[in-house]
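Chemist: Chains as they are written, first to last, in numbering that gives the first Met the number 0: chain A, 0 to 198; chain B, 0 to 198; chain C, 0 to 198; chain D, 0 to 198.
The hints are simulated quantities; they were obtained by calculation from the structure and are not laboratory data. Zero decoy hints are in this set.
Note that identical chains are pooled: a pair holds if it fits in a single copy or bridges any two copies.
Here are the simulated SDA-like cross-link-like pairs (lysine to any residue), alpha carbons at most 25 Å apart as the crow flies:
{"id": "1", "residue 1": "Lys25", "residue 2": "Met113"}
{"id": "2", "residue 1": "Lys2", "residue 2": "Ile54"}
{"id": "3", "residue 1": "Lys25", "residue 2": "Pro40"}
{"id": "4", "residue 1": "Lys2", "residue 2": "Trp75"}
Treat the numbers as computed from the prediction; the structure is a model and nothing was measured.
Number of protein chains: 4
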Amino acid sequence: MSKNRLEAFSDGVLAIIITIMVLELKRPEHPAFSALAGMLPVLLSYVMSFIYVGIYWNNHHHMFHAVKCVNGNVLWANLHLLFWLSLFPFATAWIGESHLAPAPIAAYGAVLLMAAIAYYLLQCAILADRSNVLLAEALGKDWKGKASPIFYLAAIPLAYVNAWIALGLYGAVAAIWLIPDRRIERTLGVSERDDGHDR
Amino acid sequence: MSKNRLEAFSDGVLAIIITIMVLELKRPEHPAFSALAGMLPVLLSYVMSFIYVGIYWNNHHHMFHAVKCVNGNVLWANLHLLFWLSLFPFATAWIGESHLAPAPIAAYGAVLLMAAIAYYLLQCAILADRSNVLLAEALGKDWKGKASPIFYLAAIPLAYVNAWIALGLYGAVAAIWLIPDRRIERTLGVSERDDGHDR
Amino acid sequence: MSKNRLEAFSDGVLAIIITIMVLELKRPEHPAFSALAGMLPVLLSYVMSFIYVGIYWNNHHHMFHAVKCVNGNVLWANLHLLFWLSLFPFATAWIGESHLAPAPIAAYGAVLLMAAIAYYLLQCAILADRSNVLLAEALGKDWKGKASPIFYLAAIPLAYVNAWIALGLYGAVAAIWLIPDRRIERTLGVSERDDGHDR
Amino acid sequence: MSKNRLEAFSDGVLAIIITIMVLELKRPEHPAFSALAGMLPVLLSYVMSFIYVGIYWNNHHHMFHAVKCVNGNVLWANLHLLFWLSLFPFATAWIGESHLAPAPIAAYGAVLLMAAIAYYLLQCAILADRSNVLLAEALGKDWKGKASPIFYLAAIPLAYVNAWIALGLYGAVAAIWLIPDRRIERTLGVSERDDGHDR
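So that you can see chain A by itself, here it is in the shape it has in the complex (with noise of 0.2 Å):
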């Protein structure tokens, strides 16, 4: 089955995704740039769901870029992984309507933990079929992806102790995903600027 369509509709849902946060952000009661100032936890939280949503499109762009293949399981598991993406912006507006009380900060843990693990399943998913076999070969030993569930489990907790710790942690998982998966576009290199002609 070709992967054209299931590329397009996971683009969709996370075009969407990435632009309605935009609605939830209220504006200011009072015309002044001052009250702007009471919106900056509102303002963060937008910004670093938008960069986890972009980093999500950046890696999936990547990986499906390296597959052949795709399966029933794979657009389920896929659909698993835009389920949890889609709860972003409600996580996003809890944490800005709740000046940085711990519960919404611990939620959006919570949210980002699940869509690492769905991330997880959904390139085991592409894996286990053997035409993929380039993707193995380009993610190599994937430190990032074993290493961001561990911080967001332990934000989680730690929003009870400090809002600020738990958000840190947040925000350092993001930089750190922030450098483009360069392995895939290192294997791939050559064959895709061959590619990009024949499109």
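Based on these hints, arrange chains B, C and D on the given structure of chain A.
Modeler: Positioned in the frame of chain A, the structure of chains B, C and D alone reads:
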């Protein structure tokens, strides 16, 4: 007429339907996990609708994979299906807001029923074109498509007896469909694998 | 310039317009079917707008099928059309909220009129390029395109006489358009069928 | 790496940004045309933002038409641009709600400025790849790209002098850009016309 834009438009609409439901998830008033417990019916109806839209996308994807030609009737039958699916966020939010009252649960079943009928009509519109004979073979007896409306029809009055019986029936149908349409995958398997390389 | 991205962008905007209207459907306060009866004008205006956006997508799809070249004027004429279509959710919600008051129904007619004019301008921009001669043939006399604005113009003042006359006129135009543009399908029929296999 | 998914994702995000702004258009309380007059600043800011997003889509479309290769830096520079564009609905709604108060108008200018800078950075990221030499030729002196930020910078303090001066400057820049980037169209013209037939 080519099927590309019909697929792209349907993917867009389905991606939006599946994602905007999250906008109806109101954040709990108290920033505590205990408040999330009170959201359980809301979250469950969100999960169920997410799965249902995922099933429709999945089946739509599989069905159009076997389609060669698209005519005006197919375009309108497809829009008719999208219309009923577009009411999912409305029906889902109504269930979530009304604490398991019977009317919203029956209304949800009615929307599911109409979507199932619309899907059947779309299938008929496609099969009316003789060039799509491959799909007819792949569908075979289609017992799932025939059984689902019976379940929905039964669930609508049962919602007035007990909300959980109706919800259980909706969940049971979803579970039946979660297994992707391997018939089509099997029938088309060999040609698709070759097809994938051409794209 | 290729028409692919213009089609993709238009599909995206139309998919969003057709879907976000459901966000304006407020759930009834009482969880009972009798409460849905009070929603009837809201639901009817939703159905009509869904059909209208579907018609525009359908005609847009057919028209661009016959287009070979896209230039800057076509891009802007297309955005102009999308602008007026983007006001459909606003006009629809206003009708739904105001219990058949004349002004919202007239405003809806004005949006329909402007969208029809924008569609005509888009058609002109496409036909100005001589390479799109196939579309000119396919369009022929285009009596539907010429009759629709007259109906809308008549409906706007009639909304102040009786809401149902204006709504009936809008419905009548929709019914005329529901029959897809078979002219284009016929003229292009043979080449498209071959074309479909190449994709 | 191919540019297809980057274009598809950007189209999706831009389509959503341009469309969800309509959700912020609150319907007037009285169902009369006189009530629409009070909405004039809201409607005007909607029109201006629609045009601005349209300009960005148009230029993005033209720029990527001349792009051969996409790397990680381009992906992130593109997401950075989409981030600032995603704040358009927020800034637009703030202007609409605050009756021409200076702070929202200055904030709108700041978002325009950041988007212009992000677009410039994206252009740099693309030109850093030597295979995109065609774009460098097509861009030439790029006086529009250099003049726009100066206008925005001037408009931000002027918003505190008189709202209409700032809005006039935003409108003037939009008018400059409304003329599509014919440079790229001209440079690529011949090859694209052939290209169009291959697709």
